[in-house]
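Since the structure of chain A is provided, determine the placement of chain B on it from the hints.
Chains as they are written, first to last, in this note's numbering: chain A, 1 to 251; chain B, 1 to 275.
Just so you know, the hints here were simulated from the structure itself, not pulled from any lab data.
For each residue, glycine too, the CB sits at the ideal point set by N, CA and C.
Do not rely on the hints blindly, as some may be mistaken.
A few chain B residues facing chain A, derived, Cβ under 8 Å [stated by the list, open to error]:
1. 146
2. 161
3. 163
4. 174
5. 175
6. 215
The following residues of chain B were derived to be distant from chain A, with all beta-carbon distances above 10 Å [what the hints assert, rightly or not]:
7. 34
8. 37
9. 62
10. 98
11. 117
12. 122
13. 143
14. 150
15. 196
16. 237
17. 262
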Amino acid sequence: MSEDAVIRLEDVSTVYEGESRPAIKDINLTVKRNELVYIVGPNASGKTTLIETINGLLPPFRGKVSVFGLDIKSNGQKIRCRIGYVPQDFMVKPGEPYNALDVVLMGRYGHIGFLNRPDKKDKKKALEAMKLIGIEELADRPMGKLSGGQQQKVMLARALAKNPKILLLDEPFSNLDPDSRGQIPILITKLHEEKNLTTLIVTHDIHHMLDDCNRVIVVTDGRITFDGTPENALPLIENHPHTATLEGHHH
Amino acid sequence: MIWLEYAIMQRALIACVLAGFLMGLIGVFVVRMRLSAIGYSMSHGAFAGAALGVATSINPLATGLAFASATALLIGPIADKARLHADTITSIVFPLNMALAFVFLTLVPEVGLSSQVANILWGSIISMTNSDLVYLATLFAATLATVYFVWKELFAIMFNRKLAQADGINTKPFVYLIIFLAGVVITFSLKLVGGLLIYALIFNPASTVLQFSENMRKVVVASPLVGMSTTVSGLIASLFFDLPVGSCIVIVSTIVFAVALLLSPKRRRKEENNK
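The shape of chain A in the complex, shown without the other chains (with noise of 0.2 Å):
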């Protein structure tokens, strides 16, 4: 691996248990330090298994996942700690007895080690996580009260809150109200420059696509069908609704 490279895929394939059909085939992906990309494609195209392939949430049936040079299959605790990961769509359910710092300090974790118990000092990170996302107020209010988009940015402060080198964000701008929606992409732009962050996005919306993106896959039907620059992906994507139209014109 290169020295830059900090993500690997090498003919990676992950079938979910239970099925036949791989969710994502024969995918070849290298992703450097500090870039900045946007995963799109319509859904249920394999957008979120190649998410929780790269962190190893999802074994891969075949291939190698390779992050921080280290294979993901024997390393994964160890690479996970460095990740921050929001995933898609998570809600709690009202009355869930657990409060949002609570969940934002359950990111320093894995940094504690076993049977270490958090001190001030993760409290703190918690709770800086917390102010930079703009939410210090809701530390103490229960999970279950928080709208969509409170608890969405909870996440966000939960995989900030790990100091990560690696951020995987799965639609992390659905929930959020139009003025999040406007105030947190800047927020993870200055965050991803300022800590020179290697940071995934997944979006099914291009139009949440960050100026200073530098690089556009997109997956359709499971495998990788467009692989570049934004300039090159946004009249394609604009011109065919479905990206599933893409496959064939790249690649």
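Just chain B now, kept in the frame of chain A:
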């Protein structure tokens, strides 16, 4: 409280306090980790083992523990290795354990209707020995220490297992630990409540407390207290009405849960939101 002067009753009361507390505590993890079906299989595994013990004149505690551990292995690591879904494996293991229990109970004809059989089916206060209390007390200390030391991991897994894994926690050993602990707690409480009823005491206290509290730390403290109160109340009811102790404990525990459902502010909010 004349009855408390009898050693048998003192043992029963101590057993109710310890078993009620333990089942209320372990129930929080079982319910929140959505291991209810697994817990159900575990209780019937312990029941089948105890039945084997009765049939073969081996200590039912030992055979119950062996069966509960085997069930824990089967529905935990072995099912994971074989990539079997939890629903699939529990649907197979639960009826198998029941079938084995009934085979064991009828295996030796003279055992068929003995009081020992009735004890493991419905529970009995007179069956509790001093050794049982020592085992329960040891288990009580071991379970509290375990929960204290791995609280952080259990707290995160109870919120969301997938997210806990994404944060760098290896979730599998902790889930297996809870399955195994549930099996052991059930086995050691089996004599008191009975194999057919015991699962209610794992499920009811935690579900009762979860109707009210929005703080997981408070849930973990309150659920064992509710478990303990219902076992003691059930014991008193069984003495008062001269009914099997296990049945009384489960009826009391179910009434408490039903009242909690009626008074639940969370449910009321949900209903208001649905209007």
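Enumerated hints in conflict with the structure, sorted upward: 1, 2, 4, 5 and 14
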